[in-house]
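Generate the whole structure from the sequences, applying the supplied hints.
Each chain is listed here by its residues.
2 protein chains.
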Amino acid sequence: MDKIKVGLCGLGTVGTGVVRVLADHKERIIHKLGCEVEITKILVNDVLKERDVIIDRQWLTDQPDELVKDKDIDVIVEVMGGVDGTKELLEEALKNKKHIVTANKDLMALHGRELLQLARENHCDILFDASIAGGIPIVRTLVDGLASDHIEKVMGIVNGTTNFIMTKMTDEGLPFDDVLKEAQRLGFAEADPTSDVEGLDAARKMTLLANLAFKMEVNLDDVEVKGITKVTQDDINFAHSLGYTIKLIGIAAMHDQKVEVMVEPTLLPKDHPLASVKNEFNAVYVYGDAVGETMFYGPGAGSLPTATAVVSDLMEVIRNIRLGISGNTYQEPQFKRKIKASEEKYSKHFIRLEVEDQAGAFQEITNIFTDHQVSFQKILQLPIETDQKAEIVMITHKISKAQLEKSLQALEKIAVVDRIISYYRVDGEE
Amino acid sequence: MDKIKVGLCGLGTVGTGVVRVLADHKERIIHKLGCEVEITKILVNDVLKERDVIIDRQWLTDQPDELVKDKDIDVIVEVMGGVDGTKELLEEALKNKKHIVTANKDLMALHGRELLQLARENHCDILFDASIAGGIPIVRTLVDGLASDHIEKVMGIVNGTTNFIMTKMTDEGLPFDDVLKEAQRLGFAEADPTSDVEGLDAARKMTLLANLAFKMEVNLDDVEVKGITKVTQDDINFAHSLGYTIKLIGIAAMHDQKVEVMVEPTLLPKDHPLASVKNEFNAVYVYGDAVGETMFYGPGAGSLPTATAVVSDLMEVIRNIRLGISGNTYQEPQFKRKIKASEEKYSKHFIRLEVEDQAGAFQEITNIFTDHQVSFQKILQLPIETDQKAEIVMITHKISKAQLEKSLQALEKIAVVDRIISYYRVDGEE
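Order-wise, the sequence lines are chains A and B. The numbering of the first sequence is my numbering, which starts it at 1 and goes up by one. The numbering of the second sequence is my numbering, which starts it at 1 and goes up by one.
Hints are not guaranteed to be accurate.
Identical chains share a label here; the pair holds if one copy fits it or two copies do between them.
[Said to hold, decoys possible] In silico DSS-like cross-links for lysine-lysine, where the CA-CA straight-line distance does not exceed 27 Å:
id: 1; residue 1: Lys230; residue 2: Lys168
id: 2; residue 1: Lys153; residue 2: Lys278
id: 3; residue 1: Lys215; residue 2: Lys87
id: 4; residue 1: Lys398; residue 2: Lys181
id: 5; residue 1: Lys26; residue 2: Lys153
id: 6; residue 1: Lys258; residue 2: Lys26
id: 7; residue 1: Lys26; residue 2: Lys215
id: 8; residue 1: Lys26; residue 2: Lys336
id: 9; residue 1: Lys153; residue 2: Lys338
id: 10; residue 1: Lys168; residue 2: Lys270
id: 11; residue 1: Lys336; residue 2: Lys215
id: 12; residue 1: Lys26; residue 2: Lys348
id: 13; residue 1: Lys226; residue 2: Lys406
id: 14; residue 1: Lys398; residue 2: Lys230
These are calculated hints, taken from the structure and not from any lab test.
Structure below.
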């Protein structure tokens with residue numbers, strides 16, 4: 001029987017998990033692939049360290065070249081993390097015609113496109129579902145499925161840290177800073193949480209998903225990004241009283257061959273499927289001609305789900321080797337990069353204003369919106385008890401981003417508006 | 001290049017969709033399989049009828065034998081519907097070593113196990129994801145995934161008709177009979193809706209899923225089935241006021257090597273992911289050791305999603321042929337049939353009682369529950385305005401089905417209880 005040889009980079013919790021899953025499912029894997037899978041080398045920092053899993057110590061090495069230049073190795077599984085050195089290692093592996101499976105979210109988010117390009121040039125596969133949304137096979141769905149020619153919109157929760165924080169803020173009424181500290185204590189947020197809470201990690205993932213879904217070269221700069229650090233309890237409560245939940249949502253949509261990609265705190269109707277995705281869970285919604293709406297929901301993190309996703313990707317790579325179709329997974333970008341201008345980005349918006357509580361103020365404000373052809377679905381006006389102030393909370397009908405921005409600029413200039421407290425996109429309903 | 005030859009049975013909307021999807025995705029399919037796929041025969045009732053799709057008329061035949069006995073045909077795709085004749089056709093095909101893809105939900109629900117057995121005996125594949133929950137690849141997830149050795153619970157909405165009815169009853173406050181008529185008018189319910197609304201269709205699907213998930217021989221008789229015909233607006237409203245939504249939910253769970261399977265109107269917390277699955281959509285939740293919680297959500301019906309699911313299954317069958325692993329998909333049942341007794345089936349329950357509004361009544365009732373060691377999480381007591389009656393609405397803590405039944409029997413015997421209005425299972429929370 002054929003044997004596929006694998007070089008494993010990294011033997012931390014995920015790497016250990018990969019060794020275990022491969023051992024535990026040996027029979028089933030032979031059954032599903034028609035061949036055996038064998039790890040023959042493992043790259044580690046310390047070859048002498050005691051390991052918590054049964055391995056042949058002769059597999060261990062601290063020399064990357066022993067893996068990437070080993071003629072017998074077919075696939076490199078990278079679960080060691082890191083960006084710069086790891087990127088070079090994988091580039092070297094691709095140049096040596098090794099297929100790759102990686103769970104490295106930072107690496108794929110930062111250099112995914114280059115690596116995909118290099119893989120195509122070398123007719124190699126590079127699979128990375130474990131790096132995007134934990135257990136959810138979203139990459140496979142976008143590039144593999146028959147439905148994938150007609151994807152209109154991908155919308156999801158692709159960052160577990162921010163979803164954990166938004167859930168706690170919503171359910172327990174705690175402020176951002178307190179929840180962030182709890183998330184750090186529980187290991188759901190890193191010591192420097194910037195790239196998560198500012199929406200950058202999600203934006204990078206959405207960039208990659210947009211590239212794959214629409215077969216168009218979309219860059220990180222094309223993504224509108226707004227983090228969750230300024231979301232307040234008042235925002236959450238007003239949204240709630242109007243029937244919405246606030247989540248950090250990534251959206252990539254294509255319409256008339258033009259694309260828009262954004263990551264923003266977004267109001268979703270409470271009964272939208274994404275609204276019920278809690279804590280560190282991830283979920284991605286795909287809208288397409290052929291399939292209608294589909295959603296995948298799964299754990300955003302965890303070493304066992306990640307190891308399982310890695311081994312699933314590994315099996316797919318091996319299947320492709322055996323079918324003689326390696327390197328066919330990702331198509332070259334087929335469409336010219338066309339990004340929507342602000343005038344073409346339509347959405348409903350939630351807007352909160354602090355205004356002077358005086359006769360005519362409300363009318364002055366609505367006049368400005370009318371000038372910009374902005375109309376409303378819902379308006380709440382309420383006095384602010386301590387001052388001579390009032391607060392106005394509004395949900396607009398669908399307007400362009402340009403309309404929104406111009407209206408807000410005009411509002412800032414009139415005296416009755418003290419400040420624009422906050423504004424967010426509203427999605428997930430007609 | 002290799003060519004895989006397919007015989008298509010049925011050329012209605014789904015069959016036409018299959019022809020179109022195969023034509024539209026010709027290049028992509030070659031890319032993903034490394035071979036061509038060609039339909040060479042189509043079984044129809046009327047070979048002379050005009051068709052709404054480009055086909056070679058020489059493909060058409062009204063003789064099943066021309067497909068199942070054609071030595072060149074590798075795979076039979078069955079999208080013609082029907083049970084008895086169709087079953088024989090597929091049996092004949094399997095005996096002639098043809099692999100099968102089917103979208104026939106009644107056939108698989110009624111005879112799935114026999115057909116799987118026959119497929120195993122003939123080392124053939126039979127794939128049927130299009131027959132269970134529309135676009136959701138749930139069968140593949142249960143039998144294929146690496147996580148599938150450790151599935152603890154499968155829970156889902158697997159019948160679009162009843163979910164449509166429950167959604168309309170909940171959102172629009174209409175009674176069952178009116179909503180059923182609307183569903184029939186819109187084509188979401190059949191003229192004879194019994195097998196849907198009584199939960200039978202869902203029970204058959206859950207039987208099949210339980211067999212696959214737990215690798216145990218589970219029979220339709222093992223499933224507790226309760227339909228939605230008796231669910232009232234009052235049930236829905238009281239559930240709502242306690243924080244729950246009522247859905248027709250199928251559950252298959254394994255604990256200590258013992259299985260329970262049920263299809264019942266079930267109260268779910270409003271923020272549970274399944275609670276937001278509306279209208280004719282289907283969704284299945286899988287809980288397992290290795291993956292944690294995952295959910296798939298998709299359209300329950302529609303000819304294009306079904307055709308897409310059929311072609312996905314067809315591609316999987318062809319991949320297996322080319323890998324030389326056909327017939328490996330379903331394992332023989334590995335475990336002896338062990339079904340939980342009522343004493344072992346634990347759950348929370350929602351109970352509504354109509355009682356005499358008199359001193360001591362409440363205490364008499366709670367005494368009975370205490371005798372059976374039933375305790376409560378929530379109790380509402382409210383007068384019924386027109387009578388000297390009161391209504392008591394309760395959510396129990398987890399109790400066994402035996403405890404529930406014995407308590408209800410005892411309550412029926414005491415004078416202060418006029419009637420047990422309704423009772424339902426509560427799930428989806430700790």
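Right, here's what the structure says about each hint:
With identical chains, the CA atoms of Lys230 and Lys168 are at most 27 Å apart within one copy only, with a shortest distance of 15 Å there and 38 Å across copies. For the identical chains of this complex, Lys153 and Lys278 are neighbours both inside a copy (22 Å) and across copies (19 Å), given an alpha-carbon limit of 27 Å. Taking the closest pair of Cα atoms, Lys215 and Lys87 come within 27 Å of each other only inside a single copy of the chain (23 Å); across copies the shortest separation is 42 Å, beyond that limit. For a Cα distance limit of 27 Å, the shortest separation of Lys398 from Lys181 qualifies neither inside one copy, at 37 Å, nor across copies, at 35 Å.
For the identical chains of this complex, Lys26 and Lys153 are inter-copy neighbours only, at 24 Å across copies versus 38 Å inside a copy, given an alpha-carbon limit of 27 Å. Taking CA atoms no more than 27 Å apart as the test, Lys258 paired with Lys26 passes between copies only; the shortest distance there is 26 Å, against 46 Å inside one copy. In this assembly of identical chains, Lys26 and Lys215 lie within 27 Å of each other by CA distance solely across copies; the values are 18 Å between and 36 Å within a copy. Taking the closest pair of Cα atoms, Lys26 and Lys336 come within 27 Å of each other only across two copies (23 Å); inside a single copy the shortest separation is 45 Å, beyond that limit.
In this assembly of identical chains, Lys153 and Lys338 lie within 27 Å of each other by CA distance solely inside one copy; the values are 15 Å within and 45 Å between copies. For the homomeric pair Lys168 and Lys270, the shortest alpha-carbon distances inside one copy (16 Å) and between copies (17 Å) are both at most 27 Å. When the C-alpha separation of Lys336 and Lys215 is checked against a cutoff of 27 Å, the pair qualifies only within one copy, where the shortest distance is 9 Å, while the shortest distance between copies is 50 Å. For the identical chains of this complex, Lys26 and Lys348 are neighbours neither inside a copy (52 Å) nor across copies (40 Å), given an alpha-carbon limit of 27 Å.
In this assembly of identical chains, the alpha carbons of Lys226 and Lys406 lie at most 27 Å apart only when taken from the same copy (19 Å versus 57 Å across copies). For the homomeric pair Lys398 and Lys230, the shortest alpha-carbon distance inside one copy (24 Å) is at most 27 Å, but the shortest distance between copies (41 Å) is not.
In terms of the numbered hints stated before, the structure departs from hints 4, 12, listed from lowest to highest.
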